[in-house]
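K.L.:
So you can see what is in the structure, the chains are spelled out below.
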Amino acid sequence: MRILVIEDEPKVARTLVKGLEADHFAVDLAGDGEEGLQLATEIDYDAIILDWNLPKMDGITVLKKLRKSGSNIRILLLSARKEVSDRVCALQAGADDYLAKPFSFEELLARVHALLRRPMELLDKLSVEDLELDRMRHMVTRAGKQINLTQREYAVLEYLMRNAGRTVTRTMVVEHVWNLGFEGLTNIVDVYINYLRQKIDHGFEKPLIHTARGVGYMLSSNQ
Amino acid sequence: MKFPLPRRLRSRLAFKQTVSFALLVALLAWGAYALFAHRIYDQLDDELQDRSIAVRSMLQVRNGEVRWLNKEADREVRDQFERSIRYFDLLDEQGHKLDTSTGMAALRVPFGATAARCLQSENPEYETVSQGGSQLRLVNVSVTGMQQRHFVLRLALSMEQADQDVARLRWFILVLLPAVFVIHGLTSWVIIGNTLKPLDQITAAAARINPFDPNHRLPVVGTNDELDELSITINSAFARLQASFQRMSEFLRNLSHEVRQPLTVMRAETEQALRQSDSDSRYRETLSSQLQHVELLARTVSDLMEMAQSESDQIKLQRQPEDLSELVQAAIDGMRIKASENNIHISGTVQQNMNGQFDAGQIWRLLLNLLENAIKYNQPEGRVDVSLTTHNGMAIISVSDTGHGIAPEEQAKIFDRGYRTQSARKSSLPGTGLGLHFARAIAEAHGGTIELTSVVGRGSCFRIALPIHSGPVTEAELVTQPDSTVN
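Top to bottom, those sequences are chains A and B. When we follow the working numbering, the leftmost residue of the first sequence carries the number 1, and every step to the right adds one. When we follow the working numbering, the leftmost residue of the second sequence carries the number 1, and every step to the right adds one.
With the rest of the complex left out, here is chain B:
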């Protein structure tokens, strides 16, 4: 059966603490009681032994006659002697009484096994006899007389005093123990209450907390203990949550902008086309324009899905033998029209025949992200320079622009999911803040790195280092081509 524990932590701790303390103290008290009681009865036996020696020294047995030396002693000694030997008798080996005191005679103690044992061992032997309600402690001492005749001297003392002492000890302990328990329980209650007080504060603060308001945080008392640690840990978790929430809401703002723009255009075009329903070709023109917007929206939705992927997403690569030079050159050629539309001059220096194992689709995405950024955030009549070289077995792609540059404090965050720089946010240029995040993920999935060097006002340079794999590709990375396209 399980004992139902109190619900509150404070009561529960105090209760457990007190119970375990009580068990320990009870054990100690029981030990002490046993020890002291034993000592009290031992003292009684010692007293008996001392007196037996004294009595024996006063005793002379001659021809079966008992003579007390103290009869010749002065009166004071005799009185003392009489008092100390209220209970005594002297017996021969057969148990015949040679002498007895009146007190002892009344007792009628039989000549028993203990007396016989004493005659054999010649050591004092103790026993307890009862007289009426009270008990007596009795010692049997062997006495040797003339012609090696043995006698038994028996002396008894009342145990009343010793019993009283033991009883007092027992009462003392029985009264003291509950008092100790109660006092201990109360102090535990107070101490535990004080220890747990910050927990109440934390609970109260947590009830008011708003994860997105940095002013509402859990209290840190400054004691550096576990509760402080708890508060600090939870606070930092909230801080991360807040940052990620801010990035997410930022992303959603960017996204709604990106969605609203094509929707606005589509709506306007449709309305116009419906109002001036003149020709078939007009409709076709409108519809083909709308199709482009739909494609833009589809791409935004595709970004959204990427964003919705878990934080720890790892891009799965489909590596194939690939000429990186060709990809980089194609990316530069692919961006030429967009660059000239923006009055940007794009140029490339591409080292030829750089063959390795790459995921062409992902590298293409990486290149386009970097080139689009370099064109988008450039100055009028600006330049974008792309180069591909090798260094220490790594392919180095660098994309540099003559744009606004990125402030040092923003450089670390630029690769974060959904992060856009202050100037990018201020500009009307659309963007989701995902491009560089994916660029880094792609470079890292290839076992490479991406670095940024940037000077505000002069431009930025992204430098990607990718290991040139020439070895075999692992099984997991091999993905079969769809066989529908292999006629």
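Chain A with its partners taken away, still in its complex shape:
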């Protein structure tokens, strides 16, 4: 997997490159928008991590030019702007995901993995161990026993199951299930995970919902 990082701040760039390389990615670094755009058009990357504020050409322009040239490469946009309208602007310009600075590297990594997994076909039924989720009928069963969930609980569980075996961060869950307005207040996810644990794991020998300390949660059949 090869990733292009377009970032002009040396410290942030170094952290990104080091971190991604430690996670076994091949990483290229571009220091400004023009260089980034050139690399992105020459080499077939799996994903691009793009900063909004860049010398020579800003991130949004790079993004728009790439999309205009027909590229559908996965792009995660980084920015110090955290206004909801900025996020919307970035997503409308063609970004696949958006992350506000300062961010935790775990968060970034979880999002990059989610991006790279994206072309997964939509299955009608998701299952992990004996937990099954029927998307057509909006029904959840464990060991054949039906479990009643509220709409939000269902949405959280569906997201966890879709990303089964991978850590998802609280922010990712909130953005998917609720909206972008939870900046810094993602503890609502903890409350809902608690609800889900009560309904899904309570009374069963093998817990499926696991906590990734300081990062988020994972639904997995492994301990």
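Don't read these hints as lab results, they were simulated from the structure. Where a beta carbon is used, it is the ideal one built from N, C-alpha and C, also for glycine. Take these hints with a grain of salt, some might be off.
[Stated by the list, open to error] From chain A, some residues computed to sit far from chain B (all C-beta separations above 12 Å):
{"no.": "1", "residue": "109"}
{"no.": "2", "residue": "129"}
{"no.": "3", "residue": "189"}
[Stated by the list, open to error] Some chain B residues near chain A, calculated using beta-carbon distances under 8 Å:
{"no.": "4", "residue": "318"}
{"no.": "5", "residue": "359"}
{"no.": "6", "residue": "364"}
[To be verified] Below 20 Å or equal to it, Euclidean Cα-Cα: the simulated EDC-like pairs (lysine to aspartate or glutamate) are:
{"no.": "7", "chain 1": "A", "residue 1": "82", "chain 2": "B", "residue 2": "295"}
{"no.": "8", "chain 1": "A", "residue 1": "65", "chain 2": "A", "residue 2": "107"}
{"no.": "9", "chain 1": "A", "residue 1": "101", "chain 2": "B", "residue 2": "295"}
{"no.": "10", "chain 1": "B", "residue 1": "338", "chain 2": "A", "residue 2": "190"}
{"no.": "11", "chain 1": "A", "residue 1": "199", "chain 2": "B", "residue 2": "333"}
{"no.": "12", "chain 1": "B", "residue 1": "316", "chain 2": "A", "residue 2": "86"}
{"no.": "13", "chain 1": "B", "residue 1": "316", "chain 2": "A", "residue 2": "83"}
We have chain A; now place chain B onto it with these hints.
P.N.:
Just chain B now, with coordinates in the frame of chain A:
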């Protein structure tokens, strides 16, 4: 070309005032001069007419012979007559002189158009003739003799006296006008100077002013005029500035406290970990603790950014169909651990299935702010009661605590940005004074209200009323979900 005006307001006003006054007075004086001069010359003509009547009455023309009746009159009348008719002559229709005085003979006035016109119209006709340096006013009077024969009687008077009168009038006006202008200019200067004097005081006071010292303010003279108004307006602007500055510095003090605390802990932990570099797990423990502090700091910075937003910030909502009951219940459940850590009992009465259009993130923030406050500023073994009900189509969330309560004089300020109550400031409890400010902004952005009832020593109750939107959401409020999370 533009005339360069004096720089000082006083000189400029006095100058403009005087110039406009001078123009007006000059116009008036010119009118008066024209009127009086006309009157003086008119009087001369009237005099001539009177005398012509007198002369004519003394005159008898018979067979081309002129006879003066006054030759038979007594001497006194004759002298009078001779004096008043220094210039006279009598002419027939052809202009032949029948009689003339010596003065008139010397004049050699020709029998002109004016005399002919007088014969036709039979009205007295006036003309001006010059003799040497001086001028004479002359009247032509038609006289009818025997057999309807017409004669012209001509009488003249020197204009010297009238000219002198007019000249005196002109001099009088020319001398008086500049004097009036100068006097007016001086009085304007003085009056304007007095009027603008408070302005100098204001300027002097403004030079010494310190916006953050309430003792240095602009002087209010008490005349209730525009200058007083100016001072009052500027003073109140300073008062607002001072209040906002105080709130800001208060906020910064709170903030530095909030930043310093985690920094102190982080530093101590790092130093300890470095000193006793024994095991890997020890490092991990330290680092994970540090991560928590970093998150705390990040949240503080996030608050700081919110604070830096403009005063008139309006929270932009992303409304979605939301079950408010579920959110309130989740908030109560989410705060249970924190409540029990503080030995506070939290309980909730939540009406179910309250669906409407809400911004879940913002409502969550509002609820957490209120619940955190209720727990933080409570008494040991205290209680927090949360309820959700409906009333007149509004969802009513109430959060009541058994805390210290808020003094009546502080209740109005409690929602101000960065305001913390006296007791909150005295306590060591951290806080930025932004929570309730945002709570109100969020309630109002939803078209709702937030109210406080509080009794000191018994506790406070915050009551939020939110309209339950069931109608469609406007275009502007619709915000697309990030498509990265929709696999």
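K.L.:
Quick one: which hint numbers does this structure break? Sort them smallest to largest.
P.N.:
Violated hints: 3, 8; rest satisfied.
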